[in-house]
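Participant: Produce the complete structure using the sequences and hints provided.
Top line first, the protein sequences correspond to chains A and B.
FYI, the numbering for the first sequence is 1 to 102, going by our numbering.
FYI, the numbering for the second sequence is 1001 to 1144, going by our numbering.
Misleading hints may appear alongside valid ones.
[As the list claims (entries may be wrong)] Okay, the calculated beta carbon distance ranges per label pair:
(1) A:71 with B:1138: 41 to 51 Å
(2) A:27 with B:1101: 18 to 28 Å
(3) B:1063 with A:33: 49 to 59 Å
(4) B:1104 with A:27: 23 to 33 Å
(5) B:1123 with A:58: 39 to 49 Å
(6) A:60 with B:1102: 44 to 54 Å
[What the hints assert, rightly or not] With a cut-off of at most 30 Å between alpha-carbon atoms, the simulated DSBU-like pairs for lysine-lysine come out as follows:
(7) B:1006 with A:87
(8) B:1051 with A:87
(9) B:1016 with B:1006
(10) B:1120 with B:1066
(11) B:1138 with A:87
(12) B:1103 with B:1051
(13) B:1016 with B:1051
(14) B:1103 with B:1016
(15) B:1084 with B:1120
(16) B:1084 with B:1103
(17) B:1066 with B:1084
(18) B:1084 with A:87
(19) B:1120 with A:87
(20) B:1066 with B:1006
(21) B:1016 with B:1138
(22) B:1120 with B:1051
(23) B:1103 with A:87
For the record, the hints were derived by calculation from the structure and aren't laboratory data.
Ideal Cβ positions, reconstructed from N, Cα and C, are used throughout, including at glycine.
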Amino acid sequence: MMPPVLLRMRIRNPERRFSLWVPLFLVGPVVLVFVLVISLLLLPFAFIAAAVLWHRGPGRWVLLGLFMLVRAAPALVVLMCSLPGVKVEVEDGPEQVYFSVD
Amino acid sequence: MSENRKRILDMLAQGKVTVEEAERLLSTIGEPSGEVVSVGTAEGAAKAQPKFLRVVVEPAPGQDAKQDRVNIRIPVAVLRAGIKFASFIPTMASTQINEQLRKQGIDLDIRDLKFEDLEKVVDSLGELQVDVDTPQEKVAIYFE
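Facilitator: Here's what the structure looks like:
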């Protein structure tokens, strides 16, 4: 199972055309590093918020949310690596939408 | 022409498979050269692990070719990965979900759903085929 390499999107209608070609193999690692850095920076604040809100109730949900996020991270990675092969083509008269992940 | 492709076309010429079945078999052997894929009858091919969920909507024969068309292909791996997320539902939330389901008349405990059971369902979907023919369009949902 390989991570997605390329994302293609194309939208056409009689008035305009829009095409998007995203090299995920370049963008993906950059976004991943960015998300990791932001997460590490915000983590202490999340723990402080959970501690402050603990007695009122929402604190438990904040902590639970963080815990579920960490647990779900590997499953998210597996989901991302399953995306290659997705293809959606919809034609409605002169309008076309095309989306694929390779 | 590869050996497998030739075999499929022979089966089609002899009437052992229909055009749709031959098309499906040809798409499953679309791998790069060097890989050996055994090709049996259409029934044998259907029992192989499904790789993609296909949803195809196209105009019926004789209709305007510019009518709505839909062609969707989703890897089965995405469905399997999505099923895994069900195991992350926390106990607190699953209690509320069960309560809502019961209010809708659905007597189901989502905590009883196991990943292995859902895997068996996904594996058996390889033989699922839904064909809807209306005067305006043809809808086909199948696994390949």
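Participant: Would you pick out the hints that fail for this structure and give their numbers low to high?
Facilitator: 2, 4, 6, 10, 12, 14, 17, 20, 23
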